[in-house]
Amino acid sequence: MSAILVVDDDPAVGESVRFVLERAGYAATGASTVAAAREALMADDTALCILDVWMDGEDGLDFAAEVARSGAPFIVMSGGGPGRSLESVTAKADALGAVAVLYKPFEDEELLNAVRATLGKKSSEL
Amino acid sequence: MEVDGKERQAQGVAQILTQLSRQVLEKREVDDLHAVQWSALRYFQRAGRRASTVMGLSRYLGNTTGSASRTAKSLLDRGLIRGEPARHDGRSVLFSLTKAGQAALQRDPLLDVVAALSVLESDELALLGDLLDKVQVAMTEARNGAV
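Protein chains in written order, with the UniProt record's numbering: chain A, 1 to 126; chain B, 1 to 147.
Keep in mind that the hints were calculated from the coordinates and are not lab data.
One thing to keep in mind: the hints can contain errors.
[As the list claims (entries may be wrong)] The calculated DMTMM-like cross-link candidates involving lysine to aspartate or glutamate, where the alpha carbons are at most 25 Å apart (straight line), are:
#1 B/K134 with B/E121
#2 B/K134 with A/E109
#3 B/K27 with A/E58
#4 B/K99 with A/E109
#5 A/K104 with A/E58
Note that the structure is predicted; figures quoted are calculated from it, not measured.
Same shape as in the complex, but just chain A (with noise of 0.2 Å):
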């Protein structure tokens, strides 16, 4: 079954994206580095990715353009970082195609809403 990839160098909030999402009925895995968010993108059949702009020196920009070639569909969720506004993020995100921003912190029926919007309600249908 196809399952939803999260994506942040951040075990804790990784794991807490992918326990609102399991408790809400989706299938969901994680990545915590960009080499292992590509590998599982390569590998699986995913059905959506939620990714972290900011990851330890790497560029989840960068990683959001992979996966819009994959034809796979990704939420952006960030809190803001170095080098660049959340502002110019947003933007980027918006031009690759990105489903949805979401700013951090945000609650976990915005997480939902966006992930319904992209999917529907029930892991079923995955």
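Starting from the known structure of chain A, arrange chain B on it as the hints suggest.
Here is chain B on its own, set in the frame of chain A:
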């Protein structure tokens, strides 16, 4: 001054970008919002409840919390946003758009550019976005380095 072919190309593209910016800015009315105020309004339109704070706006705009606070206050004074104390943190104020703020976004100068760009295909938009982003990042780095 002699310029080589690539520099002349760069000058041509730079002229297109500045002419485009001028077209957007020329539409401004005397009492209209400044660019940073439009950005802030767009942020409060998209941000979730818990991120709709001065701190969140500061991260979005990439400026100081003091500067973001002044921008938020200017929108409050115009009646475009409202503020209420956060339940999870009494020291924070959560902002949301008022009806006037929502109406203002209906005449966001960005919308003219969006309409003009909509003639492009999706892959063209992605490519243009990527190229313009590279230009913006290079300019930001050059200006930060020059400070």
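Flag every earlier hint the structure violates by its number, smallest first. 2 and 3
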